[in-house]
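Chain by chain, the residues:
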Amino acid sequence: MTSMATPAHQKQTLAAKATLGVVLASETALFGTLVMSYLLLRTGQAGWPYMHPSISRLALPVLNTSVLLLSAAMSWQSDRAIQSGKAGQLKAGLALACLLGLLFIAGQTFEFTRSGMRPDDPAFGGVFFALMGFHALHVLAGMVVLGLNLLRAQLGDFDQDRHTAVDMGTWFWYYVTAVWLVLFAVLYLI
Amino acid sequence: MTTHAQSPAISLPEARGFAHTHLGSWIMTVDHKRIGILYMITAVTYFLVGGIFALLMRLQLAQPNNHVLSNANYNQIFTMHGTTMIFLVVMPLSAGLGNYLVPLMIGARDMAYPKLNALSYWLFLFGSLFLYSSFAFGGAPDSGWFSYAPLTERAFSHNHSMDFWALAILILGISTTLGSINFIVTTIQLRAPGMTFRRLPVFVWMICITAFLAVFSLPSLTTASILLLLDRTIKTHFFVVSEGGNALLWQHLFWFFGHPEVYILILPAFGIVSEIVPVFSSKPLFGYTAVVLSGLAIGVLGFTVWAHHMFATGMPTVALLFFSADSFMIGVPTGVKIFAWLGTMYGGKLRFKTPMLFAIGEIALFTIGGLDGIHMAVVPVDWQVTDSYYVVSHIHYVLFGGAIFGLFAGLYYWFPKFSGRLMDETLGKWQFWAMFIGMNMVFFPMHILGVLGMPRRIYTYGAGLGWDIWNLIETIGAFIIAVGILIFLINFFATLRKPPTAADDPWDAFTLEWKTSSPPPDHNFAQIPAVRGRRPLWDEKHPELADWKLEEA
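Taken in order, these protein sequences are the chains called A and B. Numbering of the first sequence is given in this note's numbering, commencing with residue 4 and proceeding in unit increments. Numbering of the second sequence is given in this note's numbering, commencing with residue 1219 and proceeding in unit increments.
If you're looking for bench data, these hints aren't it; they were derived computationally from the structure. Heads up, some of the hints might be wrong.
[Said to hold, decoys possible] In silico DSSO-like pairs for lysine-lysine, Cα to Cα no more than 27 Å straight-line:
1. B:Lys1733 / B:Lys1567
2. B:Lys1759 / B:Lys1733
3. B:Lys1333 / A:Lys20
4. A:Lys89 / A:Lys14
5. B:Lys1333 / A:Lys14
6. B:Lys1571 / B:Lys1501
[Claimed, not checked] Each pair of labels, with its calculated beta carbon distance range:
7. A:Ser57 / B:Thr1531: 36 to 42 Å
8. A:Leu158 / B:Ala1748: 36 to 42 Å
9. A:Arg60 / B:Thr1531: 35 to 41 Å
10. A:Gln157 / B:Lys1716: 55 to 61 Å
11. A:Ala11 / B:Ala1721: 32 to 38 Å
12. A:Arg121 / B:His1378: 21 to 27 Å
13. B:Thr1531 / A:Gln48: 18 to 24 Å
[Unchecked claim] Now the stretches of chain B that chain A is said to cover, found in silico as 3 or more residues with beta-carbon under 8 Å:
14. 1397-1410
15. 1425-1438
16. 1453-1465
Bear in mind the structure is a predicted one, so any value in this text is a computation, not a measurement. Here a beta-carbon is modelled for each residue, glycine too, at the ideal position from N, C-alpha and C.
Sequences are here, hints too, so could you generate the full structure?
Rendered as C-alpha cells:
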C-alpha cells in the first residue's frame, strides 16, 4: 500500500479499532445476558414454541437470515472496493447493504406479526419480542452508520488511504449479522 | 496528537463568545481536568445529600417506636441513600479523580476523546437530576437500591417511581460505559514514551480494570432495567411467575452486574492507597506486580461470585458449594493487596499526614469489612444473618470504610495539585478521627444487631428486644461522622480562600502528575516526559539513585 497514511492517522485508526473492540465486547455482554434470560425463562416451562419447527415454519426466518447475510456481503464488497480506491463501488455497496438491512427489518416485523405472538403473552411472547427487538434496534443503528458513511463517501471523504470509518462500519455490520445467526439458533433451532 | 491541536479551530464562532465567560468556560469545557473537577464537585454534593438521608434514618431508629419519618418516607429515604451513594457518589468521585489524574499520570495532554468525556459528565448530571426529579412526581423509588422484581412490578409499585429509577439507571449506565471506553482507549493510546504497562501507576491500572468491569457488567443491569420497563409499560411478564416469568431472573441479572459493581466501587480506592502508602513510607510499592495481578484476578473472579447474594433463594446444593468456594477465593487477591501495603510500610520512614491517615484507615476498615464478607461466604452463616443488619455492617465497612476513606485520602493527597493549595493538616486530622471513631460507632454495633436478629430496612422496632442501646450508639456515631464532614467542608472552603502557595510537588512524590505545575497548565506538560521506571519523578529528583539504574546494576 502506498503510504500517505501518517503516523498520527495510524494512531487514530488504532484508537478507533480499540474503541470498536470495547464497544462490541460490551454489546456481547448485553446479548449474552439476554440469551441467558431466554434460557432461564425456558427452563421453567413445560411447552415452548419452535422446539421442533417444520420446514415451512422456518422458511421465512431462513429467508430473512439470507437477506442479512447478503447485506453483510455487500458491506464486505464496499470495504474491499475502497481499499483499492474505487469510490463508486463503495457507494453502490453501502447503498445495497442499507436497502437489504431495511428489507431484513421488514421481514422480521412480518415474522413477528405472523407468529401471532404478543409481547404480553406468557413467557415466550415477551422474550421473543425482546430478542428480536434488541437485535432490530442494532440493525437500525448499523444502518445509520452505513448511511453516514454513504453520505461521507458522496462528499468524497474516503480514498485508498483514509477509510477507517468504512472499516469500522463494516465490522459493526458483520457483528450485527453474527449476533443474528446466534439468535436464530437460539430462537428456532435449539 | 494532531486531533487535539485541531480541536479549538473546530469550535463555532458564536459558541466561542459564551465559552469565554466564566460559567461558559466550565459548561463548554472538554478539558479532562475541568471535567474531573465537575465530576468531583457534583459527587461531593450528592455525598452531602446521601449523608443527610443517612442522618434521617439514624434519627428515626435512635429509639424504638420513633416517629421522625413515616414508613413510606423511610422506604424512599433508604432507597435513595443507597442509589445515591453508589451511582452518584462513589462511581463519579472515582471517575472524577480518574479523569483528572489518568492523563497526567501517563504523561498525556488529555483523554483520548475529550468531547465524549464531556458527554459522559453531562449525561451523568442529567441522569442524576432525572432520578431526583421523581420526588416531585409522586415519590422517589422505594424498593431498595437493588429494586427486586416482582416487588417493583406495577402490581406492587403503582406510581412512577420505578420508571424513574430504571430510566435513570439506563442513562447513568450509558454515561459510565462511555467514560470507561475513554479510560481504556486513553491508557492504551496516549502513554508517554517509556510508560510501559509494567511501569503504569497502580491507580491507572485500577481505573482501567474498573473500566473493563463496567463495560462487561453494566449491560446486565441495562438488560434488567429494560425488561422491567417492558413489564411495567407494555405488560410483558419477565418477572411475573404466574404468567410464566421468573422472579429469580431479576436477581441473576442484577447481581451479575451488582457484584462486579462492588469492585468498580472499591478498586479505584485500592489504586489511591497504592499511590499514597509508598510516598508517605518513602519506599517504592512492595510487590507492584502482585498488586496489579491481584487487581486483575479480582476483576476476573468478580464475575463468577454473583449468586452469593442469592444463597437464601433455594439454589441447588452444588450451586451453593460453587459460589461459596468461589467467594472464599476472591478474598485471596484482596489479602495480597493488604499485605503489599503493610510490606510497603514495614521499615519505611512513615509520615502521618492526613492522606496517609485516611489510607491507613482504609486498610484497617476494609480488612474488617472483607472479613465480614468471608463470614457470609459460609452458606449457613449467610442463612442466619441474611437481610439483617450484619449485611448492612459489611457493606458499610467495605464501601464507607473502604471506598469513601480511600477517596478522602485521594482528595487530600491531590488537592494541592487541583488547586495549588494544601488543605489544613490540623483540621484534616480532626476530620479523620471524627470519621474513624464515628464510623466504628455506627457500623460495628450493626454486627451485634444483625446477630440479635434485627432485619435491615425496617422503619421502626419495638422496645425490649435488646436493640435499643446499640441503635442509640449508632445514631450518636452517625452525628460524629457528620461533624467530621462539616470539618472537611470548613477546611475545603477556608483553603480555597488562601493564596495558592503549595509547591508543585509538596509531598515529595513519585509519579508524573507532580512533575507539572499546581494546578497544571492547559496542556499539562510543555514537553511530553520520557519514562524509564515506575517512579519517573523520583528518578528525576535522585538521578544517582534512579530505579532504572538499580535495576541495571
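Could you tell me which of the numbered hints above are not met by this structure, giving the numbers in increasing order?
-> Those not satisfied: there are none.
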